[in-house]
Structures are given as C-alpha cells and as structure tokens.
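*Asks:* For the record, the sequence lines run as chains A and B.
Following full-length UniProt numbering, the numbering of the first sequence begins with 1 at its first residue and continues without gaps.
Following full-length UniProt numbering, the numbering of the second sequence begins with 1 at its first residue and continues without gaps.
One should not assume that every hint holds.
Identical copies look the same in the list; a pair holds intra-copy or inter-copy alike.
[What the hints assert, rightly or not] With a Cα cut of at most 30 Å, we get these calculated DSBU-like pairs of lysine-lysine: (1) K214 <-> K144; (2) K144 <-> K179; (3) K273 <-> K253.
Keep in mind that the hints were calculated from the coordinates and are not lab data.
Protein chains: 2
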Amino acid sequence: MTGGTLAEDFQQRLTQIAEATEKTLDHLLGPSPLPGETLRPPRFLEAMRYASLGGGKRLRPFLLVETARLFGIEGEGVLRAASALEMIHCYSLVHDDLPALDNDDLRRGRPTTHKAYDEATAILVGDGLLTYAFDVLADPATHKDPAIRIELVLALARAAGVGGMVGGQVLDIEAEQAKTPHTAEAVIELQSMKTGALLHYAVIAGAIFAGVSKQTREALSAYGQALGAAFQVADDILDVEADTEALGKKAGKDADRNKATLVASLGLEAARKRRDTLSAEAIAALDSFPEGREAHILKEAARFAATRKN
Amino acid sequence: MTGGTLAEDFQQRLTQIAEATEKTLDHLLGPSPLPGETLRPPRFLEAMRYASLGGGKRLRPFLLVETARLFGIEGEGVLRAASALEMIHCYSLVHDDLPALDNDDLRRGRPTTHKAYDEATAILVGDGLLTYAFDVLADPATHKDPAIRIELVLALARAAGVGGMVGGQVLDIEAEQAKTPHTAEAVIELQSMKTGALLHYAVIAGAIFAGVSKQTREALSAYGQALGAAFQVADDILDVEADTEALGKKAGKDADRNKATLVASLGLEAARKRRDTLSAEAIAALDSFPEGREAHILKEAARFAATRKN
Chain A
1 MTGGTLAEDF QQRLTQIAEA TEKTLDHLLG PSPLPGETLR PPRFLEAMRY ASLGGGKRLR
61 PFLLVETARL FGIEGEGVLR AASALEMIHC YSLVHDDLPA LDNDDLRRGR PTTHKAYDEA
121 TAILVGDGLL TYAFDVLADP ATHKDPAIRI ELVLALARAA GVGGMVGGQV LDIEAEQAKT
181 PHTAEAVIEL QSMKTGALLH YAVIAGAIFA GVSKQTREAL SAYGQALGAA FQVADDILDV
241 EADTEALGKK AGKDADRNKA TLVASLGLEA ARKRRDTLSA EAIAALDSFP EGREAHILKE
301 AARFAATRKN
Chain B
1 MTGGTLAEDF QQRLTQIAEA TEKTLDHLLG PSPLPGETLR PPRFLEAMRY ASLGGGKRLR
61 PFLLVETARL FGIEGEGVLR AASALEMIHC YSLVHDDLPA LDNDDLRRGR PTTHKAYDEA
121 TAILVGDGLL TYAFDVLADP ATHKDPAIRI ELVLALARAA GVGGMVGGQV LDIEAEQAKT
181 PHTAEAVIEL QSMKTGALLH YAVIAGAIFA GVSKQTREAL SAYGQALGAA FQVADDILDV
241 EADTEALGKK AGKDADRNKA TLVASLGLEA ARKRRDTLSA EAIAALDSFP EGREAHILKE
301 AARFAATRKN
C-alpha cells in the first residue's frame, strides 16, 4: 500500500477490496439458514453463488469501502454493505442477460446464469439476490445504529428501483426498440439511471456510514455522478474499440441493436472528449477533501473508470 | 362494523382494508418521482400498476392491518407497510406466471402481466415492485422510529428471500420436475416457505408496529403459521374442487403438472381434515388475547382462509 505510484496503489486497493468482498459474499451465501429462514435449497444457493462470486472488478464495493475509509470508517459492516450493493449489481446482470431482455450467453467470460442453469433458476436467483441485499443491510451486523441501516436501505431501494436502475433498464429497452436515433440528452438520462444510480449510491453509502455533513455529501454526490457517467460512456466506447476476449462479453453488440449509446449519439470523438471531461469533473469534486491517500485513490478511480480496458 | 355476524364483520373489514390498500398503492405508484429518483418511465409505471392494482383479496394487508389494530395501532404507516407487503406478493405472482416458470396466461381473471405487456416488462415489473416494497418500508412516512422500520425491512427480506418465499418457489419447481411422488413432510416444508412465510410476516409486522412482548409475538407467530398452512392446503383443495371461473385462474392444473400438493400426498379427505385442524389451531392461538372485536375478526380470518371458495 505504500511507496507505489497512485495507479499501482489504486490497483492494489481494488484487488484487496475485491478479495474482501468475495470473502464476505462467500460467507453471506453460506449453507446455514439464518434465524427466520427455513432452509436454503442447495442447488439454488449454488446458482446464487455462481451469479455473484468469482468475477467482476467489484468497482461498486471499492467505491463504497474507499469512501467510508475517507472518513476513517472500516471493517466488517462496511464490507457487508459493499457486498449487498454487489448483490444488487449481480442480480441486475442476471436479469438483463435473460433471453427476454439482452439474451446474452456470456458474462465475465463464463456462461450467463440462465445458460449455466436455466431461465427459471436465473429469474429466481435475481429475485433472491435482490431480496438478500436488503436483508444484509438491515441486519444489526452491518451497523449498530438502526438509523444508519435504514438510511442505507432507503437510498439503495431508491437507486435500484423504478426511478433508478430498473427504470433505466426499461428506458434502455424502449430505446433499442425505437427505430429513430437517440438524442444525447435522452441517452445521458437513461445512463444516469441504469448505471449511474448504483455507482452514485456506492459513494453515498460510504457517506451514510460516516454521517457526514450535507456539504460533504454534496461534494461526494458530484463525484459519484461524474464518475458514473464517465464509467458508462467509457463502456460505450469500449464496445466499439475492444474485442470480445478482453471484454469478457460480446463486443460490438451495441451498434447491432440500435442501443442507446453516446458513441451513436455523439460520435466516437465527442464521446471520448465527454468521457475525459467527466473524469476530470469527478476528480475536481474531491478537491475539497484533505490530500490524504484515500482521496487520491478515489481520484485515481475516476481516471480508471474512464480509461479501463474492460 | 357493528351489529353484523362475525362472518359479515370480517367480510366488511376485508373489503375496507382492500379498498384502503388499493388507495395507498395507487398513491405510491403515482407518476411523480420521489427525491433521489430521476423519472418513472410512464408505460412501465402503468405495467407496475397493472400488476398490483385492481385485484386480489388483499389477505396479507388485511392480516397486517388487523394485527396492528389488535394493539390499537392504525393509520397511514400501517397501510404503507401493508401495501409494501402486497407489492412483494404481487411481484411473486408476476414472476411465477412467466413462461419459464408456471407459464400462466390468466391471473385474477385477467391476462397475466407478461401477456398484457411482454416478458421483459414483466421481469422488470417484478424487480421494480420488489425493490419499491423496501423503499416504502424504509421511508420515515411508514413509522417515525428507524428501529421499527428496520425491523419491518429485515423480517420482510428474510420471509421473502432464499430461506423463505423465493426458496419455496425453487422447491416447488424442483418438486414438479421430480418424477417421484412427494412426501407430505416435504410438501408442508415447501409450502411453509412459498406461501406461509409471507402470511406469517403479515401477522408479525403488525406486532413489530406495536413493539409487543416476546410472548405475545410467539402467540401471533403460532397463529400466522397455522393460518398460512391452512390457507395453502385450502388452495390445493380448491384446485381440485373449484372451476376456473370461480378461481380466476386455471383450475385442475396441479395434477397435470405433478405439483407438490397435500391433496396429492395425503388424499383429498386427509387434506380437508388437515385444513380444518390447522384453522382450529390458528383460532386457538389467539385465545390468550382479550375477547375484543379485533381478535374475533382475526379468528374469523382463520376460518375464511380454510373455507374460501377462491
């Protein structure tokens, strides 16, 4: 953690937090039923684990853990919240990949959940992970103060629901079905819901743990919003530029589908420019924070979100 | 509310609470985004409303509202919790009806959500309702005390998740795919998860609102468990005895599918006997409560759960 360049430190923290999240998810998705549960059907539990363990950059857990750490808060509770957030992300991937939605066979270089199991299992795995995320947040093991836990629950439900991630997915499908080109404005709005809301939550959840002032939360909110938008436009660009192997999912599929992307709406050059501007905005939003290692690593995360290769 | 027989009073309260729940759901599923939401996609919101408004006995809201009222607690917060619970029930119906699961075209006498809209919309409507249920419970409008709200959230997540309703649905599918007959014991366990957990939650949520003693909660828990089991065996019997019109969904389909039912495992006569025993157990569990109108109506609900015609 010491002595490296910021980019190296960032990668190291990203790896560390991914490992810690994996361990927490592994524990949470263990075979023993919790009080109030009857039993956890074994094959189904295995499918829930398949859908959530062993893959992904864990960028959302990283952002949650590092934001909390910016305020000196670390530990098991933060990792539980990070894992709950990752469950929401993973459930959304499982449902998005279904034949009735994106109909994808490949995710993170492996068969998607409905391919590895079946459609019924994949639908229920999504429902199970979504529900369990709220269980994990609401459990006293996440934070001793019920007021903190309920704030974590409310903000996540709102970010993930009809006015956030789920609504964004709906708009994405509607855009794909439309025969007309998409305005950049409409694409930005749907992306802020589909991808942005959950990345924004990651940052805000760290602030909820710390009970920070309104002003601090607003600065973090600006960071989270700009980073989320940069992340998504980078995704649009990657779909054009990267190959399927590096991406771990099928590349070039956006154009095939009249997907609402900023590359389609703005052109590749303007999309690249917007990506870099947003990344810079995210970094600037953190200027009000002390110049510690944590703020620097969050700034590095904004660079990474824009320049990542997968 | 006064002067009628208990059965009439029960029906009147059931109707009143169904209407109040409908009104609350209608309000909650209005077009205006809440703070933290970007927008509610109009066609999708309409589908969420289609899936949750205008149908059903609202037995779960009834149980929640009447249990809270047993302890003198009434009002908007209780109706919000009742509506959140109904959202979970409705989402589970939408997902269960999907082609990959039960593949049902008819529900409450109307086309199922994926028939009225499409499969992608139905999957996302389920996700949206499930997520919104936790939003509604976590919102301060439901109860001013965060400790009460978080307890409502945790108990619901646990009842609805992998060790409860979702897990029960998984066991139900696994049972259907099995070529061997199902033991009564296995059927009882899966039904306690698939249907029982949410009915039990309805009763416990009323107790959570009231912050009752452990002993009182245990009495209510016994009532909720027996009522939930009676309700489900009545369902199994109805599938054999009723016709499609009265049921509002296709009758006789359980036997077609090797569904895990107690009629199949025990035979019709033993199933009827079990239903009546459970109903009597539920009623007996309430004997420790004062002989007020509310306890009598909950007892009547246990009779209704066993003897209903749809």
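*Asks:* A separate judgement is required for each hint: does it hold in the structure or not?
*Replies:* Consistency of the hints with the structure:
| no. | hint | result |
| --- | --- | --- |
| 1 | K214 <-> K144 | both (22 Å within a copy, 21 Å between copies) |
| 2 | K144 <-> K179 | neither (52 Å within a copy, 48 Å between copies) |
| 3 | K273 <-> K253 | within (22 Å within a copy, 59 Å between copies) |
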